[in-house]
Amino acid sequence: MKSLVTKIQTTENYIIMEVETEHILKIEPGQFVMINIKGFVFPKPFSPMDQKGKKMVFLIAVVGEMTSEMKKLKPGDHIEIRGPLGTPFIEKIDRNRQYILIGGDCGSAPLIHFKNIYPELVKKEIYGFVTPEIKQILTNDNLHIDKVEGMSPLKKVEKFINKDDAILICGSTNFIKAAKKKFKDYLIYGSLEERMGCGIGMCKGCPVKTKSGIKMICKDGPIFNLSEVELEW
Amino acid sequence: MVNILGFTFKNPVIIASGPGGNGKELSNYIDLNRLGGFTAKTVTLKERPGNPPPRIVNVKAGIINSIGLQNPGIDKFIKEDLPFLESLNTNIILSIGGDTKSEYLSLIERLNDSKAVFFELNLSCPNVSKHNTNLEHDSDAIYELVKEAKKISKKPIFIKLGSNLFLEKIVKRAIDAGVDGVSLINSSKGLKVDIKKKRLILKRGIGGFSGPAIKPIALAAIFNIKRKFKHLPIIGMGGIFDYKDALEFIMIGANLIAIGSGVMADPEIPIKIAHDLENYFKNDSYEKTIGCALEGFYDR
Chain A
1 MKSLVTKIQT TENYIIMEVE TEHILKIEPG QFVMINIKGF VFPKPFSPMD
51 QKGKKMVFLI AVVGEMTSEM KKLKPGDHIE IRGPLGTPFI EKIDRNRQYI
101 LIGGDCGSAP LIHFKNIYPE LVKKEIYGFV TPEIKQILTN DNLHIDKVEG
151 MSPLKKVEKF INKDDAILIC GSTNFIKAAK KKFKDYLIYG SLEERMGCGI
201 GMCKGCPVKT KSGIKMICKD GPIFNLSEVE LEW
Chain B
1001 MVNILGFTFK NPVIIASGPG GNGKELSNYI DLNRLGGFTA KTVTLKERPG
1051 NPPPRIVNVK AGIINSIGLQ NPGIDKFIKE DLPFLESLNT NIILSIGGDT
1101 KSEYLSLIER LNDSKAVFFE LNLSCPNVSK HNTNLEHDSD AIYELVKEAK
1151 KISKKPIFIK LGSNLFLEKI VKRAIDAGVD GVSLINSSKG LKVDIKKKRL
1201 ILKRGIGGFS GPAIKPIALA AIFNIKRKFK HLPIIGMGGI FDYKDALEFI
1251 MIGANLIAIG SGVMADPEIP IKIAHDLENY FKNDSYEKTI GCALEGFYDR
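Respectively, the protein sequence lines represent chains A and B.
Under the working numbering, residues 1 to 233 are what the first sequence spells out, in order.
Under the working numbering, residues 1001 to 1300 are what the second sequence spells out, in order.
Hints in this document: simulated from the structure, not taken from any laboratory.
Careful, some of the hints might be misleading.
Chain B residues, not near chain A, derived (Cβ > 10 Å throughout) [claimed, not checked]:
1) E1025
2) K1147
3) F1223
4) D1266
5) E1295
Covered stretches of chain B (chain A as the covering partner; in silico rule of three or more C-beta atoms under 8 Å from a C-beta of chain A) [to be verified]:
6) 1047 to 1055
7) 1059 to 1065
8) 1073 to 1080
Keep in mind it's a predicted model, so treat the numbers as computed, not measured.
Ideal placement from N, C-alpha and C gives every residue a C-beta, glycine not left out.
Working from the sequences, and respecting the hints, build out all of it.
This is the structure we're talking about:
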């Protein structure tokens, strides 16, 4: 769907981009869209940080060729959006629990969206970034900056977590692996990241090993109960 | 309407083996019955888990995959995927893969009574073999395989090959063994380096490179085969993203055109191409367009 960039803020390594879609795309927290921009053939997946009506906001880390080009987008530019794709968090988590949300870098985006829609399911939030750079564009009371606090967000969570708490985490595979190890005695759902091809489960490009065989992160996830997945391969 | 080996296709647009899976997911987005055909994902005798992630690397004008023929194996395929494929009102092509001749032959026997129109022997997947070599480099082995396959197969046999220095020799041997057609080309070999981490992105290093960047390579391969073997049916594929791409393949001699990575970029691409080709052929004969750009190039 042809969509219009309406606002864009950038730092050296991050982008916050507001987009207006042609029609309303109702996106549940945890779902994602495939975004493509001029000059690229294949789209990439992004989870919005917020979505209301035709407006969608993305928090994007500048890590590769496409995101470097995205940084150059201006209000009025067009991008292509396909979705929503993936299973909403709410369909897979235990709704009778309250969650500590742990975001690793731009993995924070879908969790911020989740907090907006389901505040009653959130006990505490912590969104970890390495440097204070993110504060130039993201206003949120729960930003954790490793270099300021002298510890990782996981270490911080370890200090306040209670034995009955449950966790909802989103970030890089290494970040999630570390969390799974550290909080192995807790109910912990992870929204997994992987390079994707089609985004709809057919190309088999984004696998995760689970107790019931290989699943696709795009279609069967992105969220999984971490006790069901094997992240080493 | 397209006729090949006595089978009728509604239009020349089919889905290539692989990116479209076995059709169920794609059917949530497009009506597969609008297409000329659908090639199932390569099935092997035993289940294959595929390669470890990452399996997808985006590069300029293309994509490198390292899927590694993930598939449920023939038993589950027959139980869980074949009924859906057979329920479609379009032609089904079954892609089969193996490590040995006997594996291919067993698969043909197991699938001989299915409703599929052709078998496509995948001889060129870049993601499963050791040391990145596979059957497609051994023309004697291909000769033997096709000869044996033709003895037992109830359906025409296509072989799927990549771009290869010895393509003409291999196709000649396959024709001598009785092959009915060829699918050209499989993904090429590709690699990407992560310069920040100073290492290769894919665990196997090399993956299958597809997308618009390989279109000229595919056209050149088809050109070389079609001008030598004028009457050999060809399924052309490699970077087809719109009807103009498709026309180039048809004009160079492809009877059918298959969409591979295009369907990953946008699941609606095959339908758009089928629609646009239908419009194009309102004013032009499909039969006369096949190979029209080859006039003067056929070997006699």
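Structure-based check of all given hints:
no.	hint	result
1	E1025	violated, 4 Å
2	K1147	holds, 32 Å
3	F1223	holds, 24 Å
4	D1266	violated, 7 Å
5	E1295	holds, 32 Å
6	1047 to 1055	holds (count 6)
7	1059 to 1065	holds (count 5)
8	1073 to 1080	violated (count 0)
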